[in-house]
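Q: Sequence:
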Amino acid sequence: MSLSTTFAQELQHEALATRKMLERVPQDAFDWKPHEKSTALGRLAGHIAELPSMLVPMVTMDALDFGEFTPFKPASVSELVEKFDKHVADGVELLKNQSDEQLPEVWSIRSGEKVFLEMPRGDFIRWLLSHIVHHRGQLSVYLRLRDVPLPPVYGPTADENL
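Numbering-wise (the numbering used here), the sequence shown opens with residue 951 and increments by one.
Quick caveat, the hints were computed from the structure, so don't treat them as lab data.
Check the hints yourself; a few may be wrong.
Between beta-carbon pairs, the in silico distance windows are [stated by the list, open to error]:
#: 1; residue 1: D1012; residue 2: E1110; range: 38 to 46 Å
#: 2; residue 1: P1102; residue 2: Q977; range: 20 to 28 Å
#: 3; residue 1: P1106; residue 2: H1084; range: 28 to 36 Å
#: 4; residue 1: V1083; residue 2: P1106; range: 17 to 25 Å
Only pairs whose alpha carbons sit at most 25 Å apart, straight line, appear in this in silico PhoX-like list of lysine-lysine [claimed, not checked]:
#: 5; residue 1: K983; residue 2: K1023
#: 6; residue 1: K1033; residue 2: K970
#: 7; residue 1: K970; residue 2: K1064
No experiment lies behind these values; they were computed from the predicted model shown.
Backbone N, C-alpha and C fix where the C-beta goes; we use that ideal spot for every residue, glycine too.
Construct all of the structure, not just a fragment, from the sequences and the given hints.
A: Here it is as structure tokens:
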């Protein structure tokens, strides 16, 4: 099995748990922050939903330029989940069809001439999958602080069994 196919399978697996978490986001709390320096709940959830879309430029382009990037601001939980599902499906399809020969090629995230990160494409894909899981963990803390029952991710939670 190719490494790209393994990435696709991991994305599908992690997306199941991430989707369950996104479905729990209270729509009336999109503007809520656990701390004044924290990102708003709706923005964090929107970021999680849009992260899989980064796979398109990772697979099809030499770099991602954030110069004209506009963050996704969901109007509803259903829009949030719908956007996430679409980006995951698109990403899985791209990864399944990507050649592992592309993985060592250098890829970058930039804003115009300013380079934020540069590393092999395969390392970026791994980084992106970890980034999604990281923010899902943040989201679980936000939801717990709002007394939202948490779904099981890698095992049961205090609220639900597997």
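Q: Among all the numbered hints in the text so far, which are the ones the structure does not match?
A: Hints 3 and 7 not satisfied by this model.
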